[in-house]
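Peer 1: Here's the letter readout for the chains.
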Amino acid sequence: MQHKILVVDDEAEVRNTIKLQLKGTDLEVVEAADGKKGIEKLDAENAITVDAILCDVRMPNINGIEAVAYFRREYPSIPVIVLTGYPDVKLAVDFMKEGVVEYLVKPVEKEKLVDVVTKAIRERSYVGGAGPKM
Amino acid sequence: MADIIAPPQESEFHQSAVWLLVVLIGAVFLVEALVMLFIPILPSMSRASTAFLDASLLSALIFPIFYFLIFRPLVRNIAERRHTEEVLRETSNFNTLLIESLPFGMDIVDTEGRILYMSRAMEKAVGQSALGKKCWDIYKDDRQQCADCLLSQPVRVGLAKSIESTGVLGGRIFEITHTGMMYQGKPAVLEVFYDITERKHIEEILEEKVAERTRELRESQAEKDRVMGQLIQAEKMAAIGTMASGIGHEINNPLYVIMGKAEAIRDENDISACNEHARNIIKHAKHISAIVKNFSGYIRPTSQHEAEKTSINEKLAEALNMVQHSLLDDRIEIRQNLAPIQEIIAKPEEIQQVFFNVIRNGIQAMAGKGVLEITSLNEGGHACIRIKDTGAGIRPEHLGKIFDPFFTTKGPDEGEGLGMYIVQSIVNKYNGIVTVESQEHKGTTVTISFPASKPTEEG
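Here the protein sequences line up with chains A and B, keeping their order. This note's numbering numbers the first residue of the first sequence as 1 and each following residue consecutively. This note's numbering numbers the first residue of the second sequence as 1001 and each following residue consecutively.
Calculated directly from the structure, the hints in this document are not laboratory data. Mixed in with the good hints there might be a few duds.
Below, in silico cross-link-like pairs of lysine-lysine (DSS-like), each with a Cα-Cα straight-line distance of 25 Å or less [said to hold, decoys possible]:
hint	chain 1	residue 1	chain 2	residue 2
1	B	Lys1369	A	Lys37
2	B	Lys1401	A	Lys19
3	B	Lys1224	B	Lys1401
4	A	Lys19	B	Lys1286
5	A	Lys41	A	Lys90
6	B	Lys1140	B	Lys1224
7	A	Lys23	A	Lys97
8	A	Lys36	B	Lys1369
9	A	Lys41	A	Lys4
10	B	Lys1283	A	Lys23
11	B	Lys1369	A	Lys90
Just a sample of chain B residues kept apart from chain A, beta carbon distances all over 10 Å, derived [claimed, not checked]:
hint	residue
12	Trp1019
13	Pro1064
14	Cys1146
15	Asp1195
16	Val1210
17	Ala1244
18	Gly1246
19	Ile1251
20	Asn1252
21	Asp1267
22	Arg1279
23	Ile1334
24	Glu1379
Fair warning: this is a prediction, and the values are worked out from it, not measured in the lab. Beta carbons: idealized from backbone N, C-alpha and C, even for Gly.
Sequences and hints are given; from them, build the entire structure.
Peer 2: So this is what it looks like as structure tokens:
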């Protein structure tokens, strides 16, 4: 079964790499160049339905901290995975408190990324359906 | 000085001569008038009497002519010569008195160095009359002619030169001035001896004291530099600590791209796709290399560097780049207005440290949102850098303390309060000035100006 992943990262090279790593899996990537665009993708009237969100931290307009807080508040059923270059324990703890599934520090291996995302989607399916906020 | 004999006054000669002439001519006319008056009543005069009378009158007229043309000039010449001799004698006496009373020794030697004359002071110093002997046999302890003796050169009348001679008259030091002259019709040299032993001794003591003081100052400056170097290094390490996650982000992002591309190459069969991935890997590896180079240059102690021509704009860009690494988001707008300004002679890492500290303060003051404006320009022969933020500003009562070491208004994890102290220390080291203007809740402007570097000989 094909799952949609919203990848929110301001660096096109990083988004391409994520796509490359998820190539050949049942995970389809939907891209957003920053937190604001990521929120817009979910909030739009003809909003897409995603099964998981991969979100960076440092971004223009709306950064990862604010975007994740919004995702968790408005779309609590969508698992959020933070994928960042910041090896910051305090930041990681804050995100975990926010309810993110995993705090991944780049560089992350293909197998690990696929495993974490797949596991997040699977575990989410146990607790409720994916989709826009209720 | 003895009285000078006055020469006979010229007017006295003239006055007496005029009177004598008037008297003589009057006498002749009187006699002739009496003869003319009494001829009619006198019996005829004898021829002898008339001849005697004419001879007498002629003599009366010739005498003054003889007197004034021959006798009087002769007498005057003799008087003048006597006067000149008297003056010369007095002058000679005066000169002798002057020379003999001078506190330093003098002598006159011929071109072979034989002593022709010695002043009394010289005789007293030598303790003997040494006329006819070679001067170095008398004065020099080693009885050797001075290496730079001016007698080894042709004597030039009126030309004076000085040499410094050690080991003279029992280990003393003399400055000897040689002046070329004529003495008794032959070329000779006047030697004037100044005993400078005490002066040299005092000079040596002074030089030692100056050298010692200079050494102390150098040591003190070296210690100051060492402590300042340690402070700067500590501040750097603290800054690196606060930026660690930012640096990690800067490196981990391209590293992630490299890993993803490498994995793709591993799983890819299409050679052209592999080539594309490899190119990407190389690009991002270079990016990481540049970041590491940037930071390793920053971390290295400044004592390992030498002052060199340093581009201010380049160091501004590097400092800004490093501070930006620590930003979690890009909502701080950076405006740069960098004019092509002159380079300065400085340690590049120190200048980078100055800008890093000021930019970091500005960004921290804006708490994630605001505008940081960086301007560089040439102003009145100075390279000026203005860093303006729209942050919280500095309270007026804190403004006077911001350059004090360990003064901080930040939290415990944001610095030790050495940043602006180090900024001022480094800027002052390069004769620059740093000023801070701030309005609470509006922002702060830090202005740094460095004097223009003097152009080198190479230009």
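Peer 1: Does each hint fit the structure? Answer for all of them.
Peer 2: Hint check results:
Straight-line distance between C-alpha atoms of Lys1369/B and Lys37/A comes to about 20 Å, which keeps the hinted pair within the 25 Å bound. Taking the CA atoms of Lys1401/B and Lys19/A, the gap is about 53 Å. The hint is violated against a cut of 25 Å. Distance hint between Lys1224/B and Lys1401/B is fulfilled; the C-alpha atoms sit about 22 Å from each other, no more than 25 Å. For the hint linking Lys19/A to Lys1286/B, the alpha-carbon distance of about 23 Å falls within 25 Å, and the restraint holds.
About 29 Å separates the Cα atoms of Lys41/A and Lys90/A, which puts this hinted pair outside 25 Å; it is violated. A threshold of 25 Å between alpha carbons decides the hint, and for Lys1140/B with Lys1224/B the separation of about 51 Å lies outside it, so the pair is violated. At roughly 31 Å between alpha-carbon atoms, Lys23/A and Lys97/A are farther apart than 25 Å, so this suggested pair is violated. About 16 Å separates the Cα atoms of Lys36/A and Lys1369/B, which keeps this hinted pair within 25 Å; it holds.
Only pairs whose Cα atoms come within 25 Å are accepted, and Lys41/A paired with Lys4/A is accepted, the gap being roughly 13 Å. For the given pair, Lys1283/B sits about 22 Å from Lys23/A by alpha-carbon distance, which is consistent with the 25 Å threshold. A distance of roughly 21 Å separates the Cα atoms of Lys1369/B and Lys90/A; the hinted pair therefore holds under the 25 Å criterion. Against chain A, the non-interface label of Trp1019/B holds: every CB pair exceeds 10 Å, the least being about 127 Å.
A cut-off of 10 Å between C-beta atoms confirms that Pro1064/B is not in contact with chain A; the least separation is 131 Å. Consistency note on Cys1146/B: stated as away from chain A, and its beta-carbon is indeed over 10 Å from all of that chain's, at 81 Å minimum. For Asp1195/B, the shortest C-beta to C-beta distance to chain A comes to about 81 Å, beyond the 10 Å cut-off, and the non-interface label holds. Distance check for Val1210/B against chain A: the nearest CB is about 58 Å away, which clears 10 Å, and the non-interface claim stands.
With a least beta-carbon separation of about 8 Å from chain A, Ala1244/B fails to lie farther than 10 Å from that chain, contradicting its non-interface assignment. Here Gly1246/B does not stay apart from chain A, with its beta-carbon only about 8 Å from theirs, under the 10 Å limit. Separation of Ile1251/B from chain A is inadequate, the least Cβ-Cβ distance of about 7 Å not exceeding the 10 Å criterion. Interface exclusion of Asn1252/B from chain A breaks down, the closest Cβ pair being 4 Å apart, not more than 10 Å.
Remark: the non-interface label on Asp1267/B conflicts with the geometry, its nearest Cβ contact in chain A lying 8 Å away (cut-off 10 Å). Consistency note on Arg1279/B: stated as away from chain A, and its beta-carbon is indeed over 10 Å from all of that chain's, at 12 Å minimum. The Cβ of Ile1334/B lies farther than 10 Å from every Cβ of chain A, with a closest approach of about 12 Å, so its non-interface assignment holds. Against the 10 Å criterion, Glu1379/B stays outside the reach of chain A, whose nearest CB is about 34 Å from its own CB.
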